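Residues per chain are reported as follows:
Number of protein chains: 2
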Amino acid sequence: MYRSHTCGELRESDINKMVTLSGWVQTIRDKGFVIWVDLRDRYGITQLVFDEDRSFSVLLEQARSLGREFVIQVSGNVIERASKNPNIPTGTIEILVTELIVLNESLLPPFTIEDKTDGGEDIRMKYRYLDIRRNPVKNNLIFRSKVAMEVRKYLSEQGFIEVETPYLIKSTPEGARDFVVPSRMNKGQFYALPQSPQTFKQLLMVGGMDKYFQIVKCFRDEDLRADRQPEFTQIDCEMAFVGQEDILNAFEGLTKHLLKEIKGVDYTNAFPRMTYDDAMATYGNDKPDIRFGMEFGELNAVTQHKDFGVFNKAELVIGIAVPEANSYTRKEIDKLVDWVKRPQVGALGMIYSRCNDDGTYKSSVDKFYDQDDLAKWAGITGAKPGDLICVLSGDKNRVRTQLSALRMELAERLGLRDPEEFAPLWIVDFPLLELDEETGHYHAMHHPFTSPKPGQLGLLDSDPGAVKANAYDLVLNGNEIGGGSIRIHDKDLQSTMFKHLGFTPEEAKAQFGFLMDAFQYGAPPHGGIAFGLDRLVAILGGQETIRDFIAFPKNNSGRDVMIDAPAPIDEEQLKELNLKLDL
Amino acid sequence: MYRSHTCGELRESDINKMVTLSGWVQTIRDKGFVIWVDLRDRYGITQLVFDEDRSFSVLLEQARSLGREFVIQVSGNVIERASKNPNIPTGTIEILVTELIVLNESLLPPFTIEDKTDGGEDIRMKYRYLDIRRNPVKNNLIFRSKVAMEVRKYLSEQGFIEVETPYLIKSTPEGARDFVVPSRMNKGQFYALPQSPQTFKQLLMVGGMDKYFQIVKCFRDEDLRADRQPEFTQIDCEMAFVGQEDILNAFEGLTKHLLKEIKGVDYTNAFPRMTYDDAMATYGNDKPDIRFGMEFGELNAVTQHKDFGVFNKAELVIGIAVPEANSYTRKEIDKLVDWVKRPQVGALGMIYSRCNDDGTYKSSVDKFYDQDDLAKWAGITGAKPGDLICVLSGDKNRVRTQLSALRMELAERLGLRDPEEFAPLWIVDFPLLELDEETGHYHAMHHPFTSPKPGQLGLLDSDPGAVKANAYDLVLNGNEIGGGSIRIHDKDLQSTMFKHLGFTPEEAKAQFGFLMDAFQYGAPPHGGIAFGLDRLVAILGGQETIRDFIAFPKNNSGRDVMIDAPAPIDEEQLKELNLKLDL
Chain A
14 MYRSHTCGEL
24 RESDINKMVT
34 LSGWVQTIRD
44 KGFVIWVDLR
54 DRYGITQLVF
64 DEDRSFSVLL
74 EQARSLGREF
84 VIQVSGNVIE
94 RASKNPNIPT
104 GTIEILVTEL
114 IVLNESLLPP
124 FTIEDKTDGG
134 EDIRMKYRYL
144 DIRRNPVKNN
154 LIFRSKVAME
164 VRKYLSEQGF
174 IEVETPYLIK
184 STPEGARDFV
194 VPSRMNKGQF
204 YALPQSPQTF
214 KQLLMVGGMD
224 KYFQIVKCFR
234 DEDLRADRQP
244 EFTQIDCEMA
254 FVGQEDILNA
264 FEGLTKHLLK
274 EIKGVDYTNA
284 FPRMTYDDAM
294 ATYGNDKPDI
304 RFGMEFGELN
314 AVTQHKDFGV
324 FNKAELVIGI
334 AVPEANSYTR
344 KEIDKLVDWV
354 KRPQVGALGM
364 IYSRCNDDGT
374 YKSSVDKFYD
384 QDDLAKWAGI
394 TGAKPGDLIC
404 VLSGDKNRVR
414 TQLSALRMEL
424 AERLGLRDPE
434 EFAPLWIVDF
444 PLLELDEETG
454 HYHAMHHPFT
464 SPKPGQLGLL
474 DSDPGAVKAN
484 AYDLVLNGNE
494 IGGGSIRIHD
504 KDLQSTMFKH
514 LGFTPEEAKA
524 QFGFLMDAFQ
534 YGAPPHGGIA
544 FGLDRLVAIL
554 GGQETIRDFI
564 AFPKNNSGRD
574 VMIDAPAPID
584 EEQLKELNLK
594 LDL
Chain B
14 MYRSHTCGEL
24 RESDINKMVT
34 LSGWVQTIRD
44 KGFVIWVDLR
54 DRYGITQLVF
64 DEDRSFSVLL
74 EQARSLGREF
84 VIQVSGNVIE
94 RASKNPNIPT
104 GTIEILVTEL
114 IVLNESLLPP
124 FTIEDKTDGG
134 EDIRMKYRYL
144 DIRRNPVKNN
154 LIFRSKVAME
164 VRKYLSEQGF
174 IEVETPYLIK
184 STPEGARDFV
194 VPSRMNKGQF
204 YALPQSPQTF
214 KQLLMVGGMD
224 KYFQIVKCFR
234 DEDLRADRQP
244 EFTQIDCEMA
254 FVGQEDILNA
264 FEGLTKHLLK
274 EIKGVDYTNA
284 FPRMTYDDAM
294 ATYGNDKPDI
304 RFGMEFGELN
314 AVTQHKDFGV
324 FNKAELVIGI
334 AVPEANSYTR
344 KEIDKLVDWV
354 KRPQVGALGM
364 IYSRCNDDGT
374 YKSSVDKFYD
384 QDDLAKWAGI
394 TGAKPGDLIC
404 VLSGDKNRVR
414 TQLSALRMEL
424 AERLGLRDPE
434 EFAPLWIVDF
444 PLLELDEETG
454 HYHAMHHPFT
464 SPKPGQLGLL
474 DSDPGAVKAN
484 AYDLVLNGNE
494 IGGGSIRIHD
504 KDLQSTMFKH
514 LGFTPEEAKA
524 QFGFLMDAFQ
534 YGAPPHGGIA
544 FGLDRLVAIL
554 GGQETIRDFI
564 AFPKNNSGRD
574 VMIDAPAPID
584 EEQLKELNLK
594 LDL
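Same order as they appear, the protein sequences are chains A and B. Per our numbering, the first sequence starts with residue 14, numbered consecutively. Per our numbering, the second sequence starts with residue 14, numbered consecutively.
Check before you lean on any hint, since a few could be wrong.
Examples of chain B residues lying across from chain A (beta carbon under 10 Å, computed) [unchecked claim]:
no., residue
1, R53
2, F83
3, V84
4, E112
5, L116
6, D144
7, M162
8, R165
9, P179
10, I182
11, A263
12, D503
13, A531
14, P566
15, A578
Mimicking DSS-like on lysine-lysine, the simulated pairs with C-alpha atoms at most 25 Å apart in a straight line are [claimed, not checked]:
no., chain 1, residue 1, chain 2, residue 2
16, A, K230, B, K522
17, A, K200, B, K200
18, A, K159, B, K159
19, B, K200, B, K522
20, B, K159, A, K166
To be clear, the hints were calculated from the coordinates, so they are not data collected in a lab. Keep in mind it's a predicted model, so treat the numbers as computed, not measured. Just so it is clear, CB atoms sit at the ideal spot from N, CA and C, and this is done for glycine as well.
Okay, chain A solo, but in the shape it has when bound (with noise of 0.2 Å):
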């Protein structure tokens, strides 16, 4: 037996019993005539001594020459500690060491392995083994595990199934690049890995499984920008004989189950709703943060035929009262300005107007603008005395997306975005179809198999863009954590989608005559939502990059430093594949 407590449980009750304890070496403290040694393990850190007066001197000697990171097993006596530490849960006690088996040595790590460690990103991930000894990532995984425990819990007591789906299934080029896997046993074909679950969800659907559930890896082969993973988990749900309010009400139960059992958060309101369209006027956005304001103000009305040229000729004027910000500099202004002029932002200037404590404004544009014009903007931004109002303009999707950036980046300078404040919002009447810039083609914007609000399918033909769905977005603190949809489920409606997106009749039945076969026999109204797992946890636990909730993360080239994968395979292998290397 290697231990009889572990390094986080004993307490002064524990005095005078004889332990066993195993773990790392943390710390050792050599003072000569007494060594103090922390060890450590998943539950906590228990005080070593051995000292002059009371050990076998083999014993000192033996402790002298451990080294950080050293696995050993210790027996002694649960003792008082002289001098306690408030700070840790066993800070009272002491364990006086009779025995001490060194169970495996260790290599000076090659980071600290403490709370602030000085280990770079990169030296973390290829030990990765050593950085989730440290607290902060250890402690994401237990949380992550716990999060993951309560929403099976919460969706069982609901009576949802969670049924296992398959992970190596066909290859749909629609959407996002899919990963491969070529099959040996049928020649020169080959399955792939699921971008989600979607259409096996929508099968257990027609097949009466009624409320399912399943927390799953998906993988999309995207070329990766910073924080996304090419495999991800998802919680992904669907249900039979539903309409959106019912599947909002489900998913707005498990999240309120989440915040209280997870953060101790009695969310009783129900979630804001907030349509697409309005997202976008206000907050530029279809994720708003609305833990603070700073809604977006049209001023085109009070802006334009005046003399100023700029304002004039924009689609759109719009600004935001920045709270108590009058008191930034010119400096610190201009600086505003060089930010909002950058590329990743990409506006040509801002335009501002302080209001003063005493009523009066000053803005950067008093040329063309009197006092009463700038009272105006104050009373559609919602400017106080004190706040500062920026003002960007030009076409109207790139400006509200500028100005969404702009009020991101002052809510964080602000300290607006309390990591501990959780802000849910249902986003709802999101667009069918989504413009692709590039080939002027319409593609869905959620999936394919989204149905169109009721009436709207006449518009299809004729204004596609207008088109809205039964599809929704849950936001939480400015990130979509799930969204989902009411699903088609008539045969001759999902065609009719099919050939909306350009698919060919042979195309949809090639990849889908499943689904439209399954369509025929009897398939329910029904409809789901997916939450993005690792971005919940992490939103949950007051952080915003999803890595450090990941027990082994792929950096941005997809690779696994750790084990060094992908990596080179066997001429052999590639031959029982059947295919050849095209490099």
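With chain A held as given, fit chain B onto it using these hints.
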């Protein structure tokens, strides 16, 4: 709102309620003046009634136009049923329908959606979404979900953390064949899908995670035997600072929990344990079914050195006492002899001895063995009057396998394999290495990370086959449901093992360098186990075919016949992956 209740919940106490139900039309019985429709959903069946006296005639016409598997929504009044059906929970009530909406029509399904269907395996797999509507399949999937949830609950309560390990890893030519995934971003390189998360769970132990589990898909590109799947699900577990006894206790706890929660079986005793050698000697099998006896009796001492040449030249003569089989006719016994001589079993013949009720014996070799001899056979095999002793002889390993097959066949015929009885058994002390008869090389019986028993390292050179491992299997009703080992945690020992398994140091480094590196930084003693969830669920469900417990299984060619995968991919896709077909 599509429904106020499900089709399984209305009772007499609901009489006079107005309700709305949705579901599938199971059956229609049209008596002219009254029409009954059975409406089905996941939760049950509710009878709908339309009658001339109480319903508008248009409603009767509507009901008459329904077909099997139509999806409908009805509203109506819950009324008492005249002729009650005690076989279903809703059998005392029916719904007098006042409104009927057809939500979706259905073609006539290709097989009946009944517990006993007229559909064969192939057609059921092609239309799996219809097959899932049938109770036996639906209930299996719900059962599986429940088992998985109980596993998670129990292990979480025991302090295990579920950690997701990656699916895109690195190919290791050792062991079974990997499925590989070409990397587009890393030209000419491939990921592999995990055969198990073995190395990652060991790294999590190095990382101090202490207790890990995961219910996880694993992949093996093997030629599929019956009831094997290219993707299968594992309950994967690992613990640090443990010896074999700790693991056995922990997972005996899990198994008892499942037996209790899932089957209501209170198994309070410790699970029996048997060494691999004993299991082979007693049952000819390392996964013996101990729900019944028929242990092997070794008869060399009492059968050899007589005049029966067949036995004299045999390495091993073994027999089993088949309970109450003395009643078998000569013809039945001849058939049994034919059965053991089939190529699948491969015995050259079978000797028997009848144990008569009067205490006498009658054998097929009375010429060579007298009553005293036969009494000794009975003594050794434990035969009682009324039993039949069956004896095989030959090469030790082969004859044990043959007699094991006969024992299982007879148990099946005699109805001794009660699916509602559960007989767990630990098999311990497995050999570390196994001789590959084709190549003459030894390879790891479990995997190359399994530790040898202490003190047996010396045998590795002199008698590799004799080295025992800290390896164990959990057997339930004649099926291996779990297997694991205490791992090597010492870098030098791991190197030695790789060497003995025929890896050059370069190969070992290329494939497992990251693990060897990790062992340098304070690897704790650790070990684990993995359960095959598909099989575990099937056995707990009292069945032996895993396919019926998988939502969308593949056939023996690794094909999903429903979605028709695998399939060819676009030339364009191949090009992006820098691959060419080489057919």
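Results for each hint:
Annotation: interface hint on R53(B) holds; nearest CB of chain A at approximately 8 Å, less than 10 Å. Because the closest C-beta pair between F83(B) and chain A is about 6 Å apart, less than 10 Å, the hint holds. Of the supplied interface hints, the one on V84(B) holds, with its beta-carbon coming within about 5 Å of a beta-carbon of chain A, less than 10 Å. With a cut of 10 Å, the hint placing E112(B) at the interface with chain A is violated, because the nearest CB-to-CB distance is about 16 Å.
The beta carbon of L116(B) is positioned within 10 Å of a beta carbon in chain A (closest approach about 6 Å), and the interface hint is therefore held. Restraint check, D144(B) versus chain A: the minimum CB separation of about 8 Å is within 10 Å; hint holds. Taken as an interface hint, M162(B) checks out: its beta carbon lies about 6 Å from the nearest beta carbon of chain A, inside 10 Å. This hint holds: R165(B) has a C-beta 6 Å from the nearest C-beta of chain A, less than the 10 Å allowed.
Satisfaction of the interface hint for P179(B) is found here, the shortest Cβ-Cβ separation to chain A being roughly 5 Å, below the 10 Å cut-off. Evaluation of the I182(B) hint against chain A yields a held restraint, the C-beta minimum of about 6 Å falling below 10 Å. Evaluation of the A263(B) hint against chain A yields a violated restraint, the C-beta minimum of about 13 Å exceeding 10 Å. Annotation: interface hint on D503(B) holds; nearest CB of chain A at approximately 7 Å, less than 10 Å.
At about 5 Å, the closest approach between the beta carbon of A531(B) and any beta carbon in chain A falls short of 10 Å, and the interface hint on this residue holds. The interface hint given for P566(B) is met, as the beta carbon of that residue sits about 8 Å from the closest beta carbon of chain A, less than 10 Å. At its closest, the beta carbon of A578(B) sits 4 Å from a beta carbon of chain A; the interface hint therefore holds under the 10 Å criterion. Between K230(A) and K522(B) the CA atoms are separated by roughly 29 Å; this puts the pair beyond 25 Å, and the hint is violated.
A distance of roughly 22 Å separates the Cα atoms of K200(A) and K200(B); the hinted pair therefore holds under the 25 Å criterion. Annotation: proposed proximity of K159(A) to K159(B) holds, straight-line Cα distance about 19 Å (limit 25 Å). With a CA separation close to 22 Å, the supplied pair K200(B) and K522(B) stays within the 25 Å bound. For the hint pairing K159(B) with K166(A), the CA-to-CA distance comes to about 11 Å; that is within 25 Å, so the pair holds.
In this structure, the hints that do not hold are numbers 4, 11, 16, in rising order.
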